[in-house]
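Protein chains in written order, with this note's numbering: chain Z, 480 to 739; chain X, -8 to 294; chain R, -1 to 344.
Hints are supplied without guarantee of correctness; some may be wrong.
Unchecked claim - Some chain X residues flagged as far from chain R (calculated, every beta-carbon gap over 10 Å):
id	residue
1	Pro108
2	Phe110
3	Tyr129
4	Val143
5	Ile151
6	Asn176
7	Val237
8	Pro287
9	Leu290
As the list claims (entries may be wrong) - Within a straight-line C-alpha distance of at most 25 Å, the following computed SDA-like cross-link-like pairs (lysine to any residue) qualify:
id	chain 1	residue 1	chain 2	residue 2
10	Z	Lys612	R	Ala199
11	R	Lys54	R	Asp186
12	Z	Lys612	R	Leu19
13	X	Lys286	R	Phe143
14	X	Lys286	Z	Ser561
15	Z	Lys703	Z	Gly522
16	X	Lys288	Z	Glu547
17	Z	Lys733	Z	Glu723
18	Z	Lys562	X	Pro287
19	X	Lys288	R	Thr227
20	Z	Lys703	Z	Lys612
21	Z	Lys612	R	Thr227
Simulated from the structure, these hints should not be mistaken for lab results.
Small disclaimer: the values here were computed from a predicted structure and weren't measured.
Cβ atoms here follow ideal geometry from the backbone N, Cα and C, with glycine treated the same way.
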Amino acid sequence: MNPATHGLVDAEGASEILTTSGMTKHYAGITAVNNLSLGLKTGEIHALIGPNGAGKSTAINLLMGEVEADSGSIVLDGQDISKQSVSQRSRLGMGRTYQITSVIRELTVRENMIIAVLSQTHEKYIGLGTAGKSPRVRERVAEMLDRFDLARYGFDFAGQLSHGEQGRLEIAMCLAPNPRVLLLDEPMSGMSLLDGEQIVNLLESIRPQMAILLVEHDMDAVFKLASRITVLASGEAIASGLPEDVRKDERVIKSYLGDG
Amino acid sequence: MILFIEQLFNGLQLGVTLFLLASGLTLVFGIMGLINLSHGSLYMVGAYVAATVTSQTDSFLIGLVAAMAAAALLGVVIETVIMRRLYHRDHLYQVLATFGLILFFNELVRIIWGSQPLFVDIPDALNFTINIFGEAAYPAYRVFIILVGIVVLGILYGLIFYTRIGMLTRAGSSNRMMAQALGVNIDLLYTGIFAFGAVLSALAGALAGPIYAVEIGMGEHILILAFVVIVIGGIGSVKGSFISAVVIGIVDTLGRAYLPAIFQSFMSASDGAVVGSSLASIAIYLLMAVILVLKPKGLFSRL
Amino acid sequence: MNNSPMSASESASGSAPGFKLTRRRLVLWTTLLVLAVLPHFFEVIGESYLTSLFAKIFVYALVGVSLDLIIGQAGLISFGHAAFFGMGAYVAGVLSHHDANQIQLFGWLEATNNALISWPLAVVVCALLGLVIGAISLRTTGVYFIMITLALAQMIYFLVISVPEYGGEDGLSLWYRNQVPGLDLGSDVQFYYVCLAFLIAYLIGAIRVSGSSFGLIVRGAKFNAQRMTSLGKPPFRYQLLIFAFSAAGAGLAGVLMVNLTQYVSPDYLHWNMSGKFLVIVILGGMGTLYGGFYGALILLGLEEILSNYTDHWHLIIGLILVVMVLTSRKGMFDSLSGNGKEKTLG
Chain Z
480 MNPATHGLVD AEGASEILTT SGMTKHYAGI TAVNNLSLGL KTGEIHALIG PNGAGKSTAI
540 NLLMGEVEAD SGSIVLDGQD ISKQSVSQRS RLGMGRTYQI TSVIRELTVR ENMIIAVLSQ
600 THEKYIGLGT AGKSPRVRER VAEMLDRFDL ARYGFDFAGQ LSHGEQGRLE IAMCLAPNPR
660 VLLLDEPMSG MSLLDGEQIV NLLESIRPQM AILLVEHDMD AVFKLASRIT VLASGEAIAS
720 GLPEDVRKDE RVIKSYLGDG
Chain X
-8 MILFIEQLFN GLQLGVTLFL LASGLTLVFG IMGLINLSHG SLYMVGAYVA ATVTSQTDSF
52 LIGLVAAMAA AALLGVVIET VIMRRLYHRD HLYQVLATFG LILFFNELVR IIWGSQPLFV
112 DIPDALNFTI NIFGEAAYPA YRVFIILVGI VVLGILYGLI FYTRIGMLTR AGSSNRMMAQ
172 ALGVNIDLLY TGIFAFGAVL SALAGALAGP IYAVEIGMGE HILILAFVVI VIGGIGSVKG
232 SFISAVVIGI VDTLGRAYLP AIFQSFMSAS DGAVVGSSLA SIAIYLLMAV ILVLKPKGLF
292 SRL
Chain R
-1 MNNSPMSASE SASGSAPGFK LTRRRLVLWT TLLVLAVLPH FFEVIGESYL TSLFAKIFVY
59 ALVGVSLDLI IGQAGLISFG HAAFFGMGAY VAGVLSHHDA NQIQLFGWLE ATNNALISWP
119 LAVVVCALLG LVIGAISLRT TGVYFIMITL ALAQMIYFLV ISVPEYGGED GLSLWYRNQV
179 PGLDLGSDVQ FYYVCLAFLI AYLIGAIRVS GSSFGLIVRG AKFNAQRMTS LGKPPFRYQL
239 LIFAFSAAGA GLAGVLMVNL TQYVSPDYLH WNMSGKFLVI VILGGMGTLY GGFYGALILL
299 GLEEILSNYT DHWHLIIGLI LVVMVLTSRK GMFDSLSGNG KEKTLG
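Next comes chain Z alone, as it looks inside the complex (with noise of 0.2 Å):
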């Protein structure tokens, strides 16, 4: 519990749900991420940019604790998580996708969905009973494969699925547990124009519900969707505000968004 962190309140009136501070990760003489602060807010789409190799990637590791932070805090809704193992701080509400679509491509779309939901139900022990049986399970599970326009691929292989729809079912799945704090790790790569729209406007959508980091190449879409960017260079933030701030800070033009 960290009391300088927990409830600080900005400007517009809404509190930071998840708060890094001095964040910083070494790795055999390089380093990733150095003093990163961020601070995420429900309805808040906060975007992550930068170069490649600026530590985008690791930053999202670290915040979901598949990379321990060599230092700083990590504090979601006033809790210290940062000693937190990956499962604990998603069953605390924080859901992660992976910049190469991690779905499990070997089992159905609906498998897939039940699987995601099952994951809600936070019991040490899951039941005997047949998969996806019970009414509120498969009412969840048919209402998100539904939100997320896949019921028609329910008894596919969830790796027989376009890339963008893979991409979709990987969010659907991050979801069902009712994240808190989404952390998307360039989810429009290598997508279809047409697959990309989709997935901004299915963005758009969940906006008011939850935190979202979204660490993206795309600059449209992260200037239609941003709320807040920081960007990174070398694994320093070398800014941080409004998309219209960012857009005119030189150091940013300059060793960023100027070659595009």
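Following the hints, put chains X and R in place on chain Z, whose structure we already have.
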């Protein structure tokens, strides 16, 4: 003290034998990704060929050479006919096919040599004892085995780090495509590595002949010990194999020599003997379990 | 896709629940019917010894099913299932040995020959052993997992044969089978049905597990452990539970085996046995669960037939194995039911 030094050397000798097996196993796994259960069969074949040729020619040296030549030939045949088709298969299928090979070779040896164990005499030239630290009279033959193991370690190191073949081997293990782009005949390289492993295994078997009985299934027990060695040492690491082979050889030998007596010192003679020898027989597995709990990928990284 | 075992949960809850006579079901029901009348048939043709052979096939099939449960569903290749098989055999056998010789266990505990006590006890011991071996082995994956289960099973082997009281490397002969009120286990025909009943019961349990939420999570972990972890379900606990359930099944088979042969053999713990179990799973078709039965039928049948012609039948079995792996990518039952393709392991 004399006994202790003797046991230490016995452990070293077992460790070296294990290393001869484990080095081939670990190279084949590290480079080709193949888990080869029948590696122990080559050990057995080596022992049988050496025993037979030695008794025919009265020359232990010719027996050794014959065993290694036979293993090289057998290795080339097995690799080109069978193993090559297994490199890209799931480990489960590799286990299955090479398990089949064990059954095949055990039965083949039974057909050729019969079910009775063979006994090999220690070669006359090495049938004397050496005074170690002026105290323990230690059989020269076992010292010879230890020296052979150290020479093999040296050769392996030279090959891997100072020759073109070693460089290609390292390239082949980390990047098959790159090695091919460099104009390496990967198939030939792999056959060579497999046959080399087979030769080392047969050498171990041939050397073990005068110490242990030459019998069917002799390769299997030692193969599982070799697995323990490479798991502890880190799969693919020759250095790791050597260190962990020596450690395991010594732990196993000392455990068997001393644990019963240690337990007898505070238990009844019969209970102490049972508990002590039970613990001795599982000591290396316990060691493996502890190391894996601490380091799930073994002690050393590759090569 | 609908006859894939992975979608068992789908057809149960999906849109078309009605009973369809698929080829798979036809094979299954025919098999059951044949097995139910087999002992009488053997009696009629005067080959009653075949009843015991089939009881033995059921015992191996039980291990096959239990092993396929962790290989096919969880992707955990155990090369040490002989440890559980043998442990089940030794627990039941040793209890019986103490009882027959009127020796108290550990010097104070009365032993028993009552199957209602010794069998469940043996199964529980195996499940606990499964928890211990599983907890160590599951720290590793892939080829390390194969080797560690092999090594730990080998450890159990050496541990057991180092106890001279229980026969060491010679094993223990038993005077009689366990006793159950109301049954005569000494009768080969009755024992046949007992083995068959346990096989079917375990098989139903295994199918149930694989179709359950628990089973789905285990399958998810097989293919994508990272995703399961970031969803908040780290695989370890689920894999450990299914490993212990599998160990219990193999232990039960060991109990039946020691009763069948009336001999507690260290061979039951030997790694050759573990290899044989893997062969059974692959012969029968990985991931099908009931493939374990067909695998055992083929392997033991082959052994029986070949051993009539030559003493060197191991040579032929070994060759068959090699050729099978090199040429075919299907299990036997997969071929029968027309459901193919090698299932790769995560």
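| message | Of the numbered hints stated earlier in the document, which are not met by this structure? | response | 8 and 20
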